[in-house]
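Protein chains: 2
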Amino acid sequence: MNIRFYNARILTMEESRDIFQGELWVDGNTISYCGTLENIPDVEKNTPFDREIDLQGNLIIPGFKNAHTHSAMTFLRSYADDMPLSDWLNKQIFPMEAKLTEDDIYTLSKLGIMEYLTSGITANFDMYVNSDAIAHASVDTGFRTVIVSGLNNFVHSLEGMEDCYNKYNHFHPLISYQLGFHAEYTTNESLLKGVADLAHKYQAPVFTHNSETLSEVNDCKSRTGMTPTAYLDSLGVFDYGGGGYHCVYFHENDIGIFKEKGMSVITNPASNLKLASGIAPIKRYLDEGINLAIGTDGPASNNCLDMFREMFLVTGLAKVTEKDASAVDAIEVLKAATLGGAKAMGLNNSMTLSKGNFADLTVINLHKPNMQPLNHLVKNIVYSGSKDNIYLTMVNGKILYENGEFFIGEDAEDIYEKCNKIINRMK
Amino acid sequence: MNIRFYNARILTMEESRDIFQGELWVDGNTISYCGTLENIPDVEKNTPFDREIDLQGNLIIPGFKNAHTHSAMTFLRSYADDMPLSDWLNKQIFPMEAKLTEDDIYTLSKLGIMEYLTSGITANFDMYVNSDAIAHASVDTGFRTVIVSGLNNFVHSLEGMEDCYNKYNHFHPLISYQLGFHAEYTTNESLLKGVADLAHKYQAPVFTHNSETLSEVNDCKSRTGMTPTAYLDSLGVFDYGGGGYHCVYFHENDIGIFKEKGMSVITNPASNLKLASGIAPIKRYLDEGINLAIGTDGPASNNCLDMFREMFLVTGLAKVTEKDASAVDAIEVLKAATLGGAKAMGLNNSMTLSKGNFADLTVINLHKPNMQPLNHLVKNIVYSGSKDNIYLTMVNGKILYENGEFFIGEDAEDIYEKCNKIINRMK
Chain A
262 MNIRFYNARI
272 LTMEESRDIF
282 QGELWVDGNT
292 ISYCGTLENI
302 PDVEKNTPFD
312 REIDLQGNLI
322 IPGFKNAHTH
332 SAMTFLRSYA
342 DDMPLSDWLN
352 KQIFPMEAKL
362 TEDDIYTLSK
372 LGIMEYLTSG
382 ITANFDMYVN
392 SDAIAHASVD
402 TGFRTVIVSG
412 LNNFVHSLEG
422 MEDCYNKYNH
432 FHPLISYQLG
442 FHAEYTTNES
452 LLKGVADLAH
462 KYQAPVFTHN
472 SETLSEVNDC
482 KSRTGMTPTA
492 YLDSLGVFDY
502 GGGGYHCVYF
512 HENDIGIFKE
522 KGMSVITNPA
532 SNLKLASGIA
542 PIKRYLDEGI
552 NLAIGTDGPA
562 SNNCLDMFRE
572 MFLVTGLAKV
582 TEKDASAVDA
592 IEVLKAATLG
602 GAKAMGLNNS
612 MTLSKGNFAD
622 LTVINLHKPN
632 MQPLNHLVKN
642 IVYSGSKDNI
652 YLTMVNGKIL
662 YENGEFFIGE
672 DAEDIYEKCN
682 KIINRMK
Chain B
262 MNIRFYNARI
272 LTMEESRDIF
282 QGELWVDGNT
292 ISYCGTLENI
302 PDVEKNTPFD
312 REIDLQGNLI
322 IPGFKNAHTH
332 SAMTFLRSYA
342 DDMPLSDWLN
352 KQIFPMEAKL
362 TEDDIYTLSK
372 LGIMEYLTSG
382 ITANFDMYVN
392 SDAIAHASVD
402 TGFRTVIVSG
412 LNNFVHSLEG
422 MEDCYNKYNH
432 FHPLISYQLG
442 FHAEYTTNES
452 LLKGVADLAH
462 KYQAPVFTHN
472 SETLSEVNDC
482 KSRTGMTPTA
492 YLDSLGVFDY
502 GGGGYHCVYF
512 HENDIGIFKE
522 KGMSVITNPA
532 SNLKLASGIA
542 PIKRYLDEGI
552 NLAIGTDGPA
562 SNNCLDMFRE
572 MFLVTGLAKV
582 TEKDASAVDA
592 IEVLKAATLG
602 GAKAMGLNNS
612 MTLSKGNFAD
622 LTVINLHKPN
632 MQPLNHLVKN
642 IVYSGSKDNI
652 YLTMVNGKIL
662 YENGEFFIGE
672 DAEDIYEKCN
682 KIINRMK
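For the protein sequence lines, the chains are A and B, in the order given.
Residue numbers for the first sequence follow my numbering, so the first one is 262 and each next one is one higher.
Residue numbers for the second sequence follow my numbering, so the first one is 262 and each next one is one higher.
Please note that a few of the clues may not be correct.
A pair counts as met if it fits within one copy or between any two copies, since identical chains are not told apart.
Each computed EDC-like pair below joins lysine to aspartate or glutamate, with the alpha-carbon atoms no more than 20 Å apart [said to hold, decoys possible]: (1) Lys306 / Asp424; (2) Lys520 / Glu593; (3) Lys682 / Glu275; (4) Lys306 / Glu549; (5) Lys352 / Asp590; (6) Lys584 / Asp480; (7) Lys596 / Asp343; (8) Lys616 / Glu284; (9) Lys520 / Asp672; (10) Lys352 / Asp288; (11) Lys584 / Asp288; (12) Lys584 / Asp343; (13) Lys616 / Asp348; (14) Lys596 / Glu275; (15) Lys688 / Glu305; (16) Lys596 / Glu276.
Hints were generated in silico from the structure; no laboratory data involved.
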């Protein structure tokens, strides 16, 4: 389908380009033009379109990338709150997860995807059991997903991860797969060495939960004499880069390893508050030039899958902990939520709104009181934006959410009903 | 107008009542029935209605009370960010404010009110210059406002405040007025003694910015030998109660004074993060039984006028600073955002959804992915709710916002245009 957005403001997130008024054209799944009305080449002026959308001055930006989540955990939203992380995981999450079927994970992932769309998110980095259910949920809705292995001592195997790596990197244009494991504290050394071998074999980055809590770091030091980052690095896990989810408690040496190996910090501030884990030193990471990405974490811990909440927290928490109201400004946060996420996830064609890139984008409705006056649109997005401002979300050239309605191949109410049935069956 | 909401879930916030399925009837500006279908008295079964609204299972709750704001500062949203509080106030805010006309304040206040409505807020506690502009903006839109004096060394006078107190407490049913002053550090002792005299004369509570920053507290101690709370209390300012905005840096003795005098802490977590002021010890205040209310602060400091953001921050920041994921749970937060605010603001008839109370309410749209599944509705509101869930906001029996549209006596786009003109004129 060919779609023309006109009367738009556009923020491409290219270094060289400020916000401008113009048009964005979509041909199939890619951007075929992004520029001013005046600069449209003569030869293209009569391009026919299947649909032309007057954006009435609203702002197109690249879609947000949710760089850490467990989408299918939607079933436990508001089910296991107000308890410490270890109790939450062992007494509530694990026993309930054991009851999930593949069908459940498929439907619950769809609910997560719906919420991403309402928040302008066009891709997720999803760690959960049953890659097949995740992949099909994304393909069937039209959403872009990077699956990451959640290998640990209890589920999955190295062989299974390698099979998935080969399968899901050639499964569908919307799906890719990254090597990973749940966390140092749930994965034994023999498995970790196997992960390192696969990283070497495929020259691939590796992702894991890292230094989310102080006790995790201290326990690892007691066992190995090293921080989780240093220990994993000593095994060769990060020889081809990768990244860490959370990264709340980093030592100087950990920062050095992330910097040296070109790794990404993927921060999850709402989850870190709600589970009382701590506040990550984001300014420090940015000062060191480490790539920053932002994730919501799963809906059982956050419980909201909302990039606006996360963006405000990234800057607000940096400001208050640094005692510096100028720390981590709006543009740095917006970069992390878009470009930083895409970089961490290996989505090199979903970054800027440039000709030839995938049409993964969202439209910010400026005709809302929280976007007025139009003093500074990037600041408006980061400091006062909300889901209420998402007018439209397009993934891979297809509009999946527009004006409050979903176009994902299944009725929204049917998905809600199925999700309620799943959790009610388990109770 | 008589309005019937049916097929509703209802959370009245009365101590004795859980969420139930039923109806809420509005007669003029008050609630005439709130209960199950079965319990409607026979004599009332044929009540005629001007409008009957099928809520499709959505949830009615009391409107949120924004217990601290400076609404008209909308013109400076995204204009003066990323700088310390003293520079922000002296170099950006004060010089721009000097250029405001009464008409400007009227229009800019309306923009703030529009955003409150999108967030389910039905009343604000507004401190700003020009009470007349504020009062007219609220009356003309149909919004409920408690104006509080922002007396200080530079604007207003004691006589002016007393005149306003008498005028705006008998001006219009939507408007009331509370004694107050900007802050200890902007108001000299002679004025403060005058405030105490008025508090005694009218047996009235007094409200002010209090202990927002560490330097404010330390400066006051250098000058007076006391914390702001102790110093103000020593002058008799709080002899009839009142409250403090922010209350980030309290000594034990300050907590004792607030407790003894039955005062309210009005917390503004987003503003405190963004201006790098600090994190208020909310759990401590609640443990002491102090009334807690929540405010957005003004749009130049926050920059969002969104009770959902504030509610998540109240609990999230308490959890992380107390290192206790069970601290300040969802129901405590929802109470603060509704009942606690109403109590602080003296809105005794806008608290619970009880027969005879003002119909100040909002409808939470549960047919959205972030509200599914329906595991626990209060937790859903506090942990995953957003402006996107506000289907309808009613103030004083009148629907002012419904399904994204405003019914406030003036076209939304006209207000946006005027607000942009105001700030562009000043630049």
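Output the indices of the hints that this structure fails to meet, ascending. 1, 3, 4, 9, 10, 11, 13, 15
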